[in-house]
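Protein sequences appear in the order of chains A and B.
First residue of the first sequence: 0, per numbering that gives the first Met the number 0; consecutive thereafter.
First residue of the second sequence: 0, per numbering that gives the first Met the number 0; consecutive thereafter.
Quick caveat, the hints were computed from the structure, so don't treat them as lab data.
In this text the structure is predicted, and so the values were computed from the model without any measurement.
The beta carbon of each residue, even a glycine, is placed where N, CA and C say it ideally should be.
Among these hints, one or two may not hold up.
Label-pair ranges, simulated between beta-carbon atoms [what the hints assert, rightly or not]: (1) B:Y96 <-> A:S117: 32 to 40 Å; (2) B:T195 <-> A:E130: 27 to 35 Å; (3) A:A73 <-> B:V5: 44 to 52 Å; (4) A:G93 <-> B:A281: 20 to 28 Å.
These stretches of chain A come out as covered by chain B in the derived footprint (C-beta under 8 Å, 3 or more residues) [to be verified]: (5) 68–77; (6) 167–179.
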Amino acid sequence: MTASALLQVAGLRKRFGELAAVDGVELTLVPARLTAIIGPNGAGKTTLINLVTGALRPDSGRIYFKGEEITRLATHHRVRKGLSRSFQLMNIFGRLSVLENVLVPVLSRLGRTVDPFSRLEREAEARAEAEQILAEIGLGHARAHPAGAISHGDQRLLELGMAIAPAPALCFLDEPSAGLTPVERTTVLDLIRRLSVERRTTFAIVEHDMDVVFSLSDWIVVMNRGRVLAEGPPSLIRENREVREVYLGEDALA
Amino acid sequence: MVLILVVLPSLAGRYSLYLVIQILILSVFSLGFNLLFGYTGLLSFGQAGFFAVGAYACAKILLAVPNLFLGLLGGVVIAAAAALLLGFLSVRHTRIYFSMLTLAFGMMIYSIAWKWRDFTGGDDGLVGIPRAPLAIPGLPALSVASMERYYYVVLVVSLLAIWLMYRLVNSPLGLALQAIRDSESRAEFAGIAVRTYRLVAFTIAGLYAGLAGALLPPLENTVTPPIAHWSTSAEPVLATLLGGIHVFGGPIVGAFLFFMIKDVIVRFTEYWLIWLGVIVVALVMGFRGGVVSMFARRAARAEAASDR
Chain A
0 MTASALLQVA GLRKRFGELA AVDGVELTLV PARLTAIIGP NGAGKTTLIN
50 LVTGALRPDS GRIYFKGEEI TRLATHHRVR KGLSRSFQLM NIFGRLSVLE
100 NVLVPVLSRL GRTVDPFSRL EREAEARAEA EQILAEIGLG HARAHPAGAI
150 SHGDQRLLEL GMAIAPAPAL CFLDEPSAGL TPVERTTVLD LIRRLSVERR
200 TTFAIVEHDM DVVFSLSDWI VVMNRGRVLA EGPPSLIREN REVREVYLGE
250 DALA
Chain B
0 MVLILVVLPS LAGRYSLYLV IQILILSVFS LGFNLLFGYT GLLSFGQAGF
50 FAVGAYACAK ILLAVPNLFL GLLGGVVIAA AAALLLGFLS VRHTRIYFSM
100 LTLAFGMMIY SIAWKWRDFT GGDDGLVGIP RAPLAIPGLP ALSVASMERY
150 YYVVLVVSLL AIWLMYRLVN SPLGLALQAI RDSESRAEFA GIAVRTYRLV
200 AFTIAGLYAG LAGALLPPLE NTVTPPIAHW STSAEPVLAT LLGGIHVFGG
250 PIVGAFLFFM IKDVIVRFTE YWLIWLGVIV VALVMGFRGG VVSMFARRAA
300 RAEAASDR
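Can you make the complete structure from the sequences, with help from the hints?
Right under this line is the structure:
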């Protein structure tokens, strides 16, 4: 267990039938270092996130978060400890308002969701915090809209807002720019960069767009066939022969 | 509305009072059901089981101790306990699996009501249940033997139950349940212990079913197994669909419509359920438009609010 590690993964394995989706992954994430996890389709990136955040149980291996083993811990307990995520496919509370979408994780963190008699309008602390998050992601104007009715780009921003609402120490973003227009993409990337500075949240993103990866990240982890093929700062990954051959392709490095 | 209900006994006859009591009971029953269905996203077909547990428990207590307060309290507590137990097994599943499981548990309770002769009276049911005085500890006992008096008991209890449910669905807990309805996985990643919250909703729904059930024996003076049958479970489902699942007052409006439709159709044909079915089908098929138009209205209102 490394003292400075935020997250440490050792010998993590998960099989789906014949397919070893994650096949002995060793990984350490360090605070304040924005890490990008890349790799071809089926490399096991999303499975890795699912294992680390508790959506799936590993067949073997261990996961440590802030020095504490969380391998078998229930998802909502991991969230309480400061580990959150966004989803590759849109996953929001469609019938709730934009504000309420952010309010749910905030209330949960404050331990307020157990209260059956308080009025939502009176939850001043949580509301102020949720409004603050909406302002940060630039959705303040849409606070009263049903979340299912706002544009795809705005829903992506909302996803991000919901992921940071539990005030996580570590936040996984699964393809945060998927399906966005170039303008929206820039907005989301700027936002991630700003949030990682302003909040004490370390981001780890899974991303396919290499421009995004190389412009945003401090550290890159390359996965292939359920294993970590290489990791290092972007400059070294660019030079890495193995990575070039397996994944990036010469044109991406021109 | 409440005012009309309060002065009703001086305006209406015994039959109308009887009908309004039935509407209030179904309202409470349906509100509990809709906490589970409309707010938490779980469709239970077994609510009659808890309704019957409440009714039988209240009846047994009244036959032993003639105190309406104890009867109602006992019915509620025992039904909630039953819901907690069966809920623990049911909320591990969702969607159709959950629905089938609750249907099975409901029918289990039905067969207990039918077969456990010594306790439930079998197909004869329990008879001669007194409309016992309401003796709340610390207060003087109150006779509620007349229909008017009992009407007020049901009215006060129902309004209290409706108000508490209104507070609940507008509370942080109510919001958490709606979040679970919209996305289970996202709710979990918001830090919510989804299964526990589902169990809470299930228990409260069972408690409301039990309360509704407990209000029935003093009205009818008898309890028989058919109240545990799955067709009784269908009543809150139909009432809620009639009134609307995404509006707080939907189940109450639906309970009113349910009895109005039944009362009218029953005069023409004994197959009133078929026609009620036709009406519900028509409403559900037109529902898509209903939801969309409601959505549009909400969005429009929100827009107006944010433009200000």
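Consistency of the hints with the structure:
The hint said 32 to 40 Å for the Cβ distance between B:Y96 and A:S117, and at roughly 33 Å that hint holds. Taking the beta carbon of each, B:T195 and A:E130 are about 28 Å apart, inside 27 to 35 Å as hinted. At about 49 Å, the beta-carbon gap between A:A73 and B:V5 stays in the expected band of 44 to 52 Å. Hint check: A:G93 to B:A281, Cβ distance near 26 Å, so the stated range 20 to 28 Å holds.
With 3 residues carrying a beta carbon less than 8 Å from a beta carbon of chain B, the stretch 68–77 of chain A meets the three-residue requirement, and the given coverage holds. With a threshold of 8 Å between beta carbons, the proposed coverage of the stretch 167–179 of chain A by chain B is violated, since 0 of its residues qualify and at least three are required.
Going down the numbered hints, you'll see the structure goes against just number 6.
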